[in-house]
Every structure is written in C-alpha cells, then in structure tokens.
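Enquirer: Read off the chains here:
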Amino acid sequence: MARVSLSKIEKVYPNGFKAVHGVDLDIRDGEFMVFVGPSGCAKSTLLRMVAGLESITGGELRIGDKRVNDLPAKARGIAMVFQNYALYPHMTVYDNLAFGLKLAGTPKKELDLRVRQAAQLLEMEHLLERYPKQLSGGQAQRVAVGRAIVKKPEVFLFDEPLSNLDAKLRAAMRVRLTELHQTLRDQGQPATVIYVTHDQTEAMTMGERICVLKEGVIQQVDTPVALYEKPANAFVAGFIGSPEMNLVKAELQPLNGSAAVGLGGQVLPLSGARSAALAGRQGAITFGLRPEHIGALPRPQGDSLPVPATLRFTEHMGSEVYVHFNIGELPFSARVPVEQASGLHGLQRGAALTMHLQMGAAHLFDAASGLAVA
Amino acid sequence: MARVSLSKIEKVYPNGFKAVHGVDLDIRDGEFMVFVGPSGCAKSTLLRMVAGLESITGGELRIGDKRVNDLPAKARGIAMVFQNYALYPHMTVYDNLAFGLKLAGTPKKELDLRVRQAAQLLEMEHLLERYPKQLSGGQAQRVAVGRAIVKKPEVFLFDEPLSNLDAKLRAAMRVRLTELHQTLRDQGQPATVIYVTHDQTEAMTMGERICVLKEGVIQQVDTPVALYEKPANAFVAGFIGSPEMNLVKAELQPLNGSAAVGLGGQVLPLSGARSAALAGRQGAITFGLRPEHIGALPRPQGDSLPVPATLRFTEHMGSEVYVHFNIGELPFSARVPVEQASGLHGLQRGAALTMHLQMGAAHLFDAASGLAVA
Amino acid sequence: MTTSASPAPLRDAAPPVPWVRYIALGAVSLLMLYPLIWLVGATFKTNAEIFTEIGFWPSRLDFGAYEKGWKTSTEYTFATYFLNSFIITVPRIIVTVISCVLVAYAFARFEFWGKKSLFAIMVGTMMLPLIVLRLPQYLMFREVGMLDSYWPLILPSAFATDTFFVFMLVQFLRGIPRDMEEAAMIDGCNAIQMLWHIIVPLLKPAIISVVVFQFIWTMNDFMGPLIYLASVEKYPVSLALKMSIGATEEVEWANVIAISVVALLPSVAVFFAAQKHFIEGAASSGIKG
Amino acid sequence: QKDARVLRFAWWGGAARHGATLAAVRLFEQRNAGLRIKSEYMGFNGYLERLTTQVAGGSEPDVMQINWAWLAMFSKRGSGFTDLTPLLGPAVREQLPEAELATGRVAGKLNALPVSYSARVMLWNPSTFERVGLALPKTWDELFAAGPVFRNKLGEGAFPLDGELYDMILLAQTWVQQKHGTPFIAPATAEGPSRVAMNEAAALDWVRIYQRLVKEHVATPLPLRASLGGAEKPTEQQPDWVTGRWAGNYTWDSAIPLRASTLKPPQRLALGDFPTLPGALHSGMFGRPTLMYAVGRHCKQPELAARLIEFLLTDLDAARLLGRTRGLPGARGPLQQLEREGQLPALELQAHRQIQAQRDAGRLPLPGPLFEHPRMLKFMREVFETVAYNKTTDIAAARRLITDGAALLNRIK
Amino acid sequence: MYENKRLGFLFVLPFVLGVLLFKLFPFVMSFALSFTQYDVMDPPVYVGLQNYKELATEDPLFTKSLGVTLWFAVLAVPARVGFALFVAHVLNFKLRGINFFRSAFYLPSILGGSIATAVLWRFLFARNGLVNGILGQFGIEPIAWLADEHYSMWTIVLLFMWQFGSAMVIFLAALQNVPQSLYEAAEIDGASRSQQFWRITVPLITPVIFFNVIMQMVHAFQEFNAPYMVTEGGPLSSTYVLALYIYDQSFRYFNLGYGSALSWVLFALVAALAGLSFWSSKYWVFYAGEKEAAKK
Ligand SMILES: Nc1ncnc2c1ncn2[C@@H]1O[C@H](COP(=O)(O)OP(=O)(O)OP(=O)(O)O)[C@@H](O)[C@H]1O
Ligand SMILES: Nc1ncnc2c1ncn2[C@@H]1O[C@H](COP(=O)(O)OP(=O)(O)OP(=O)(O)O)[C@@H](O)[C@H]1O
Ligand SMILES: [Mg+2]
Ligand SMILES: [Mg+2]
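Chains as they are written, first to last, in my numbering: chain U, 91 to 464; chain A, 91 to 464; chain B, -6 to 282; chain X, 21 to 433; chain L, 650 to 945.
So here's chain U without its partners, still in its complex pose (with noise of 0.2 Å):
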C-alpha cells in the first residue's frame, strides 16, 4: 500500500522563502500523478519533501498509512530521478544502476539480469561501462532514470525525467514507462508514480490524473481530460493545451434578455445552458477560447460564430497553421489546419478576415479571482 497523502503541507526554506502553501493532495496507491506548473512553482520541492531530502516545516506526510515526516529517505520505500541526475561520478554506469540493488542485498544474478533489462529498456546497454562524464546529457539522464526503474520501489518521484532526450526518445520512453507502470500494476505491485514534466504531451498521455501548481499551491487536481475540458481557473486553462488558450479581457453583458460577451468591439452572444446561467449577469470577465476552437472557416456543424478580424501574422508547422490575428485590440491565435489556412496565403499584416468561433467551447472566468465561472 503506498497511497502518498500530504496534508497541510509547508516549507520554508531557511532563507526565509516560502515554497510551499499548505498543500493538500491524496495519490492513490498505484496511481500515475503528474505534477506540472511553471518553473520554480516548488514541483521539485514537493518531490524532495516526499523523498524525505527536504524538511517538512508543516503539515503531515503520509505514505501508505504511515506518517513519514520524520523517516529517513531509505525507509520511505521511492526511488527517484533527479532532475539534475546526481549520478555518482566514481562508478561505472552499471554501478550506477546496481548501486541500490547492491545495498538492497540482491543476489548478484537477479541484480545483473535487472540492471540489463533497464539498460536494454533505456537503450543504453553499450554504456554500461562508461563513467559519467564520459555520456552525454541525454544518456546520462537515461542512466538517471534507469537507477530508479531497476528498483521495484512503492513509489516512484521523476523529476522531469526526459527532459534531455529527442522526441523520438522521449516517445519511446513515455511509452516504456507507462507500460512499466501498467505492467507492475498487473503483476499486482502498483508503484505509486509522481512524476514532475514539462511536457504536455508528457502529461496528457502519461498522467492518470494531473496536479497544476503554481506559486506553492495548488490549482487543481483532475484527469488531463477534465483539465483540458474544465479548467478550474484561467491560469490551468492558460497553463494547460499547447498553443495555449487565448485569454482575453471581456466584458459580461445582457442581449436580448439572455447573455453575451463584449470583447474588442464585438459582442458575441453566449448559448443555451451557459447563457441562461449568467443572464442578468454583468461585469469584468475573462474570456478563454483555445486555439484549436477558432477557424478560418465556419463549421460545418454550424455552431460557431463569425467575426470580423485582423491578421498579424501566420506560423506554419507542417500540417497546420497557427494564425495570429486581432478582434478588435484583443490578440488571439488560431490553429487550423493547412487546408482551411490556403485562403490566408498571400494575406498582409494588417488584412481584415473573418475567423469562426466555436463559442461553445469557450470558458469565462472572473476577472478579479480568476475562477470558472458556470
């Protein structure tokens, strides 16, 4: 059993900085948690924290059903990646992956059959007698992450563990670990996973569920589905989907008895459900759309909205097509794919368009706290 619960958690740091706000967060036992936030949101410290290499200045930590605060890190049962890999520079990579299993006492057969499987997992068995400082940052990284997986641990931290490698690596390597992870669940030994990344991708496919933190604190805790759909407040909703969401100044107001959003001149009327939650309502407002939700031409299911349009300019990334444009003073992007974006080719800066907005995809938040609102 090793559900990891942190309850009130603190830290200050002893220069008097503090990392860590209160933060209450329950992994299951066996569950993927992927921890994302902007740099220096305390990610790595929290990681720290339940690894046992940091001090806890409040609030409780528990693995399993017991309280850890004070366990030293060997009895708390994790291994982890360290972002900054911390490989011991006077072994070998072997030794550096034996290590653990050496100290844990593992007969010296099943201990090389483990090291040569990670090796063979992380696709480094040809460095296996190098030093580190004879790899490269991308193997040593992989070396870093192969010293936690040779461990059958209850928990595993990864502090941003393919941050190093190429995409088509790191692909490869998302899908071994979530497989590892799969697998032990099947053998019937979950591995509780924490897993800190900066990568979207990363975190969409890996993580079970998702924990946004920003500043020390958390922002929400949901499935990369619910995160994506019904972002709590607009910093998830800007933090989460790449490009990211566009975020506007809006302006709440009445049409025709339901409600609609005023933004850079325009007003665009709200539907159904939401329109008849907020009517009445009025004011300052966030308005979210993500890019993927505007298009260079309407839908053909018909439920968005044209509006009138200036082009700043326009990316293109292979088979799609990032159009920057203003409504009004208000900067929005748009994804669209190549096709539809044939008709922009050629356009000036400063060219007046149509883009279609699929309102009802769009979020409204407060203005002041940032929160959902209907």
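For the record, the hints were derived by calculation from the structure and aren't laboratory data. A couple of the hints might just be wrong.
As the list claims (entries may be wrong) - Here are the simulated DSBU-like cross-link-like pairs (lysine-lysine), alpha carbons at most 35 Å apart as the crow flies:
1) A/K156 to U/K304
2) L/K931 to B/K269
3) L/K931 to U/K108
4) X/K199 to X/K433
5) A/K223 to A/K199
6) L/K713 to X/K253
7) A/K156 to A/K199
Chain U is fixed; fit chains A, B, X and L with the ligands onto it per the hints.
Expert: This is chains A, B, X and L with the ligands only, laid out in the frame that chain U set:
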C-alpha cells in the same frame, strides 16, 4: 564577421570513442542554426569544439576567417549555455550574470543595466540575490541563458537552453530569443547562433536552417520546411515531425503500367509524376507517411486513398486524437482532428476501420541505404 | 578511471613552450632537492669534507657508510628499527583514517547536540603547545601500565585525537555538494554505507593525504617514542637514527647521514605512490555540459 | 619487568660508548647469574627530556648516566637520587679519592659517582703558529699579542683562538679569577648559600677582557661565528679550523680527540701552557666531573645498582672494555691500567697531567653547580651576546651581571 | 537522515571519549600546573596567579619572545600558505614527469626536523654559503643570515616556508573538488588563467584555504624546530620564539609550572586569533555542501 565553418571535423575521445566523423558544415554570419539529433549523436561535442572546450582531433574549424583550432575559448568571441548550466555556485545570480562583463571591464552602470535587462527578459529579476543552489532547475537554466545573452558575442552556442522550462515559459523564451537574434541583426551586429534542441517546435520555429545529426555524421542540413517536406533519408524523415512519420517496409511494384506500393497486403497506387519516375522499378522499399497525412474521413479535396485497417488504440490529445492502427501487420498512427474522430468513440481494439491516406504526401526511401527515392 | 585521459584541453593543454615550464620547475625542484642530493653526496665523505664542502660531489665512492650505518652500534640492525617503525605506523594509520573519517563525517553532515562546542574543543586542542601536554599524558599512560609499549603511540589515534586530520576532512566535506549523498539516500544507503560508498570515494584525495601525512609524521616522530619507549629493541627508526650522536664524542657523520637517507626512502616511496591520487578527485569529474 | 632481577641502566652516547658499555654490561651479567641489565641507551638528543619525564613519573631507570650539572636540578636537597653512601663497597673507596666522591654529594648525601673529570685547557695548532712565526702563547700577553700578528700575516679571517661564546666567557672568567681571586658564582659552603662572588670591578674586568679578546683579534668574534653557520657550531666543524686558519681552542680536555679529528694534515694539535697572570690569586682553571652515575630514588634494588656502578667504575676487566669511551677514568686502577696498556694518547695524557697537577695542588676547586645551571648559562650568554653585538656598554653589562645575576641565582636556588 | 542526532553523536562518540581521555585530562592538568611551582622532583606547590603575574610584569624574555612569535607568525603564515597554494596550482596539471616534480617539492617536508635539515640549512645560510653565493650572482652583498638580528628571522621564515609540502598536498587535494565545468564556463566568460584562479579556484577552495590558514597559524605559533636547530633563538634572542622559551622553562630550567603558564598564554593568544578567523570565515568561506547558502 562570424561565419563558423567546420571542415572534416573529427573527435576521438581519450577512451578511443570516435564521437564525430568528419563533419563539414558552413554556418553563415548571423545565421540561426539548429542542431538536432538523437541523444548521444555528438551535438554537445560539436558545440564544445566550436567553443574551444574540447580539443579538435581532426579537421579544421574557422570562425570568421580565422582558423581557431588552437585558439583558447576566451579568444573566440563566443557565449555558451551549458547543458548542465555550470553556474558559479559561490556567486549570486547577479554575479553569475555580471561575471563575464566584469572581466571585460564593462563600466559599472552599463553592466548593471545589461544584467537587469537580461534578468527581465528571462523573468528572473526577483532571483538576482539568490545563490544557484537556491534555484529551481528551470530558474538555474534561465540564469545559464542569461549569462550568455548579457554578453554581446559574435557567436552564441546554446545547448538545450530551454529543456527545463514549462511550455508556456518556453514559448515565451523562444520568441524572445528569436527576437533578440532579429534585433541584433537589425542593429547590424548579427550574431551567429548554434542552438541544440530536442524540441521540434523550437527547431522548426527558431532555426533558419537545421542540421540533423546521427552518430556524429551529418544527415541533412536545410530549412525547416525543406526538412519536413523533403527529408533526404528515412532517418531524417522519422526524426523530424511529431508525432513521427510512419515508416514501414514495403514493396515497389508495377501496377497497370504505373508504380504502386505494396504493403500489409494492400496495393497503393502512386500518382502523377512520381509514379512515372518509378515506373518499372521494383523491390524492397521503405514507405513513409506522416500521421497528419492520414485521416479518419476522406479528404474533401479527394486526394486520399481509403485503406482497410484494424484499430489498436486511440489517444486523446485535447483538440486531436492519435489513432493507432494496423494495415495488415504494419503499425501506423494517424493524427486526426477531434471532430473527425467521433466515429471512433467506443470502438474496441481490433475493430475494422477505413483510414484515408494522402498518397501524394508519401515518402519513399531505399530500403538499404535509406536515401530518398524520387 | 582514466587518469591519463584529458577530459578537457583546458587544464592540461601544453602551453606554447613547454620547456619553459620544465626549466622553471626543474630549477625550483633543484632547490628543493638540494638537501637530498647533498646528503647523498655526504655519505661518501669524511667528517672533515662534510664540514668544509658545500658541494655535494664526493671524492670517492664507498658504500661502507651505508653498511656501517645499517649495522648500527647497537645490538640490533636497522632492519629491527624499520620493522618497529612499521609496527607503529601501519596500525596507527589505519585507526587514524577510520576514526577521523567517521568523526569528520559526523561533524560535516549531521546535526547533533553540542556539535558546535565539540568542534570548538577539537580545534582548540591543537592550540596548546604539545610540550606541556607531554608530562600529563605520560603520567596517564603510566597509570594504565602502558609505558614501554606501542600503545601510547597508537591508541590515542584510534580516538580521533589527531584533530588536524578531523578538521581537514571536515573542511573538505563541507566543500563537497550533497547531491550524490541524496541520491544514495534514495538508493537506500544507511549512514555507514553512505560513508563507504559515497563519502570515502569523494574524499579520496583528502584521505590519501591523511595516510601520507600520518605515515611521514609517524616515521619522523621523535618525541613520542622517546618518551614512551625505553627498550632499545622497541625503538623506531626516528630514535635509532640519533642513537650514535652523543654529546661530546666523535660522530661518523657519513654513517649517520647514510642511514638518514635510507630512512627517508619509505616516506619518499609512500609519497610517490600516493601523489597521483591527490590529483584524481572523484567529485570534480561529474557530468560535463 | 616484575622480575626482581632486572636492572634498568640508561646512558647516552655515541657508537663507541654504546658498544663498549654493552660489552661491559654483558660481562656484569655473566658475573651475576640470573641478573639482567636492561640497557636503555640512546643519543644525547632527547636524553634529558626523557629522563625528566621519567623522573616526574617516578619511573626513572635504576642506574642512569647524568651530567654533573644536573645534580643541582634533579636533587636540590640531596633527595633526588638514592644516597649511595651506605651502599659503597671498598673498591670504590679505594679507587676514588674523597675529593672525587665529594663532587657527587648534595647536602651531604652521595647522589652520584663521577666517572671522569674534565677541565679547560688550551689547545693550539702549532703548524699555523709556525707559519706566522710565533711561539705557542704561554702567557696572557703573548696571547693578546698573537691577534694582530694573525691578522697581519694571515688576513682578517684568521684568529689565534676559537671558541663558542661560553668558552670565551670562561676564558675571560679565568683572567678575572686570577686577578680578583673569585669566580662569578661561588658555590654554597658551610657559611652560606651559593652567591654572586664578583664585585663590580671584577665583573667589569670580565666584560672588558672578553671585549679585548675580540677587539684585539685574538678570538673569533661571536657575530662572525654566528654568520658562519650558527654561534654554537663546534670548532672542529669550522672550515677555518680544519685548514688551520683558526689556530687555537679553549676547551675541555675531553674534547681533544674531537677537535683533532677533522684537522687536515699537516695541521695538528698541541697542548698549551695555561696562561696565568703574574701574581695570580688563583689558577683560574675551570673543571668538574663530566659524567656521573646515579641510582634512581625509586630503585628497588639499590645494592645491585650500586654494584653495577662499582663494576663499571672500578673493575679492571670492565675498564678494559670501556676504555676511554667516557673520558679518562677517574678511578685509579682503570686509569693506570689504560696507561700501562698504552691506551692513552700522548696529548690526552699530557692534558690530564696538567689538570691533575692543579687538582692535586688543590687549585682546581669545584665550581658552583648553579654556575652551569641552564638558566644561568642563558643569562650569561645573553649579557655577553649584547656585549659582542655592541648593544650595551661594558659598565652596564657588568652591572647587569651583578644585579640580575644575583636575582636569578636567588630564583633558581 | 542527516538530522538524525543520535547517529551523528554515535560517530563522534569515540572522539568525545578520546578528547576527554587523551586531551582534556592533560589539558586540565597543565592548566592546573600553571598555578603552581613545579620542578619535577618535588610535588607542585600552589602559587596562585604568581606565574601569570611574573610573566606579565617582570619577565622581559617573555615580552621579547612574544613579540618575536607574533612577528614570525605574521611573516610565516601568509608566506607558507600563499606559496603552497601557488605551487599546488602550478603542479595541478598533467605533464610528463609531473609526479617527479610533485615529490621533489614535497621532499623538504619529509626531511622534517631532522639533523640533516639543521646542518644543511646552516650551510646554505652561512656567510659563505649557497644562498649568498646565488645572491652574489646578482651583485648582492653577502648577508649574515644567521648572525644579523635583522635577517635571522627571515632565515627561519624561509625555512618554515620551504617546508610547505603538507599545505601544498592539501591544496592539491582540494583543487580536485573544483568542477571542471566551472573552468569551462569561466573560460567562455573570458577569464584568463589568473582570473580563473582568483575568481573560481580560490573561492571554491576557501574551506581548505581557511583550514590551512588556521593550521599554519597554529603551527607558526608553536614553531620550534627551525629556531631551535638553526638559530638557537639568536642572535640577540631575535628568533627566540615562545615555543623555545616554553621548552627552556619546562625542560631546561625545570619550571614546569611557569612553562604551563606560558603555554596557556600562548594558547589564549592562538585561540583568540583562531576565534577571530572562524568568525570572519562566514564572510569569505564558501561551503558548497552546506544546506544554507553563504551569506553575503
Ligand atoms: N534552497 C533554497 N533556498 C531558497 N529557495 C529555494 C531553494 N530551493 C528552491 N528554492 C525556491 O523555491 C521555489 C521552488 O523551487 P523548486 O525547485 O521546487 O521549483 P520547480 O517547480 O521544481 O521548478 P523547475 O520546474 O524550474 O525545476 C523556487 O522559487 C526556488 O527559487
Ligand atoms: N568524455 C567522453 N569520453 C568518451 N565518450 C564520450 C565522452 N563524452 C561524450 N562521449 C560520447 O560521445 C557521444 C556524443 O556525446 P555528446 O555529449 O556530444 O552527445 P549529445 O548529442 O549532446 O547528446 P545529448 O542530446 O544526450 O546531450 C556520446 O555517445 C557520448 O557517450
Ligand atoms: Mg524542479
Ligand atoms: Mg548534449
């Protein structure tokens, strides 16, 4: 003038490992060159050789018009961001940034100005008084970048400078670095940039040219669009583009006087010019098609080819869905807009589908050499 | 590890004119080596020559001095005295390293009650001239009946009383980042395993210097054995060397110097063997950028 | 060590002394079956430190070789060592005259027995004197006259006489003693304790004679000696001595072999007449026992220890083994045996006779032990050093010798 | 785990025992002795503060040797530490035969306080010795190194400096802990070799520089061998350092009580200076392994 040209550059590490095999590359003055390649392909090694940190065991390196093989690093007019940051642990962030300028005897006022500007650019003004060990990974990386950009070198060397930043910050940084490069060029002080990255988006959006490396050998050097559209070989094709191109074993065969590709039990006719060029050719071949060129519905343009397939699984990525399926025994993946994928909902593994391949976008490579065919 | 390897050209690239470096180094080391050269030369000289000639070139080559010196004027040859020296030195080095590393580890990496004051006491004990401690220590060992044995020379070292080394190791450790230790904690190291697998390798250059120092200092130590050892058969080299130097009699300096030169050899050998480790740190060779 | 039949015997010395003594000890063991002598011997360096520590710890050896001057320090009231009076056998009484025994008495207790006696003599290098055309100086005037001749004939660096500072202090004291009849410090007597015996005039002469020795180019000046490798560098180690440019030495007779050892032929050594002032009140000679044997006060078997000492001092077989390794034996039998067997080089014998003649005439009294107390030595050195370096006037130096000397004497008594 | 107080204490336990047994007891005893008159033969006699009073008011030799000692420390500590650091820096590269040079530079320290050193050093610094010979090549008049009170101090300072080997070895070991990558970064930043040395190497090995400064200070204040063997404290007591005086008082004059008092004065002096250094260290010593970063 800071043209960087490498001719027949080789690197043999002291342990006998040959990391770089005769690299020829000409980077124009003021050009933004991106290095990509799998982990361990010698990107850092090349960068470090250009910097003068790694001895050059063969070939000639020129910066400007000068042969610099034996010139010490500090005389080469470069700035560099190290993959492992290499921050000075005993200096505050401010001093880390200011160190190079101080050595250059920059007047105090200007120094302060430039340091603060860089800090602002990298969103780390509040960190200036901290010591490196009080920083998060991403913050440390930003300091490393800052240390390079406060200087005004002729050549910038960036080794995965943004790998530890969150998507949002990374996007912002990407823009700022590009702008910096532009500004310098506009000011008539163009700086040559060599930029190592694993991030496709970075490579595609920032690089004026991209150099693809594999095991110390250059595979292709070209503009991003050209690399995407006309990969020189199967390796480049598979490496550029994300999710990666489907590359499968196939058979070239004549079909009614024109050429066709046989794979997974299907015969896919080639069209137009290509078909003509290949008419009569026969034998093993590697067939490549990018996921974005496979749809769940026929293309409105009518240039897609329906092919029977069996579903493996789907991944939901917010606005799009990755569909993994087999044609015969051959695995493929497709990237389809979410609205096209509605028909796939609820389907079980092994369900029969029809997928639509844009054969016009297909790539054919020689099975043995991997070189592009026609 | 690849010692001969040059991880970066920076540190070991030869300057434009390496011979300049050689000449400068050679000149200075001649200054340093001069005593030894002179001593070796002196072993072939008569007393009169020794006292009148600053040059080292002897007028004849005769190894008699070595032979006579080795035989000594006592019942034993220097073989005995060398053996005695090693019997003292080797165990002493072992217990010194063990105890000092342990204590340094505790001081540098643990928090415990009274740490600051203990550290202050430790450093403080080095500041009182040893000479005044000599008598009290002697009385102490007399009380426990350890006089005329090697115990007083070895036993204190087993309790990390060579605070010089403790202080030194502490300073080294405090300068080494903790990353590796954190990784090892996660890997399940207990404190002792940490010490053995991580701290010791990282401290290797410092530990080697402890070994070298302790060897040379113990070999050279005169006062300790002088006070505690009364039996000639237990004398170490340092005492035996001065055996034949009376106050007023004629001394055959060539013999004395010859054996002094021989007595230097173990120390020189130990240093020479150890010195490559001074420049073979583990901590420095981390991952490069 | 619990074995009752073990005696610890400590001495210092050089190679020859060690070998000889070990042989003698073996002989003693043979003669006393079941007895073991544990020889704790070493070089001089560190001997006193060890002995001090052992004495403080009450674990000193049973029999130990000591310097005469140490008696005063280890046994201020005669209780520092075992009183040997009741333990002495007839052999010792027979062979060592009462005068010799007296040197080992402290407060009436016989604390130690002298092994040999040594006194100051004049040594010359006749070949150099021949070169400058001078006879060996016999009087003070001839001595002083030699200085300028040496300078003229051999140059600035040549001197008729060499010696450490202490040698020169003693030489100057000799003059004063001859003139004024008193040494610097008088030993304790029945009438009173040890005291500064010189008056100011005498002290002034003391300083002035020292100054004259240097100024008139007779003796090597202290700064010169110091600059040549340390003020205390022994004469025989001085290149100028080896080559004969320094042609004389005022030193212990026991140092004769040492001084002769480095002389390059044709340089050789001759004994000079002891310079004496006309109408001298005193011989001015300075002599005292060199080595002594004492028995520790914690010794469990004082009789045995005394027997060992007796054996070493008086047994003829032992004497044959020991030879001159501790100087010329003070005991009659051994000395005569040495002489008989031709073991005594002429020069040493000659010196011995010169000294013995004075002693027999009672003109070589025992100096005050405190005069050779290290603290007192340090004090005298300090004063004469300032004189040598011209840091003080003769009058001030003399006054300091009297007043500070007296104060110091009080403190170390 | 590092917060595990009991474990840490367990590790220092042997040390605590050792200190109590082998150091503290003698310490206390010597302190007690400093209030007595003790001449080895007779039991110590309590005299209160008299020893301290005497050395403070009526012992010119003490005043003199205190001055000499301080002057010696002022000259010798920076000389040895600086030279050792410099040489370690120079010897810290890979060059054919560097092993030999390193050993050669350490050799004087192996010689230690042997007779050979004394004999030889006196030779070298004699008026007609090698040093003057070399100086003569540069047209410098011979100097009476050992006989001139103004130069004698330099002689023993030079001797002290000459035996810089152990400090050098410690520096050599410390230099290994400076990560290579920092030199690379500095090189890119345009730092010259000497700037790298001063800005990177020196700050990062400050813990060890600090150690060497403290230790050499302790050694310098207790320096005995050089003045004992080479100058015998002279001329005119110009090199009569406290350690020599303490030795004389304790083992030549048999004033062990007074010697202890002198020692404790020396102890207080060194401890005060060391305390000062420790206090100052938080402004200039950088500890990479410390949880809390250095303060400005
Ligand atoms: N030792 C320290 N002392 C003071 N502040 C610190 C210390 N370590 C980290 N911080 C601060 O705490 C905050 C959280 O740091 P943390 O390393 O947990 O961030 P992170 O979320 O991992 O960021 P990144 O994605 O950049 O690695 C940061 O603002 C950082 O500057
Ligand atoms: N000091 C060394 N000795 C031997 N081989 C080395 C050394 N340094 C690097 N290598 C090897 O050289 C190859 C190139 O390394 P390099 O660091 O240039 O890779 P890279 O392209 O930067 O990879 P990454 O993207 O993982 O950082 C790798 O296979 C690596 O293992
Ligand atoms: Mg982090
Ligand atoms: Mg790299």
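Enquirer: Would you mind marking each hint as holding or not holding in the structure?
Expert: Each hint tested on the structure:
1. With a C-alpha separation of about 49 Å, the suggested pairing of A/K156 with U/K304 is violated against the 35 Å cut-off.
2. Straight-line distance between C-alpha atoms of L/K931 and B/K269 comes to about 33 Å, which keeps the hinted pair within the 35 Å bound.
3. Of the pairs offered as hints, the one joining L/K931 and U/K108 holds, with about 24 Å between alpha carbons and a cut-off of 35 Å not exceeded.
4. Between X/K199 and X/K433 the alpha-carbon distance is near 27 Å, which keeps this suggested pair within the 35 Å criterion.
5. Proximity of A/K223 to A/K199 is assessed by CA-CA distance (about 27 Å); at most 35 Å being required, the pair is judged to hold.
6. Note on L/K713 and X/K253: the hinted pairing holds, with a Cα-Cα distance of about 24 Å set against a maximum of 35 Å.
7. For the given pair, A/K156 sits about 33 Å from A/K199 by alpha-carbon distance, which is consistent with the 35 Å threshold.
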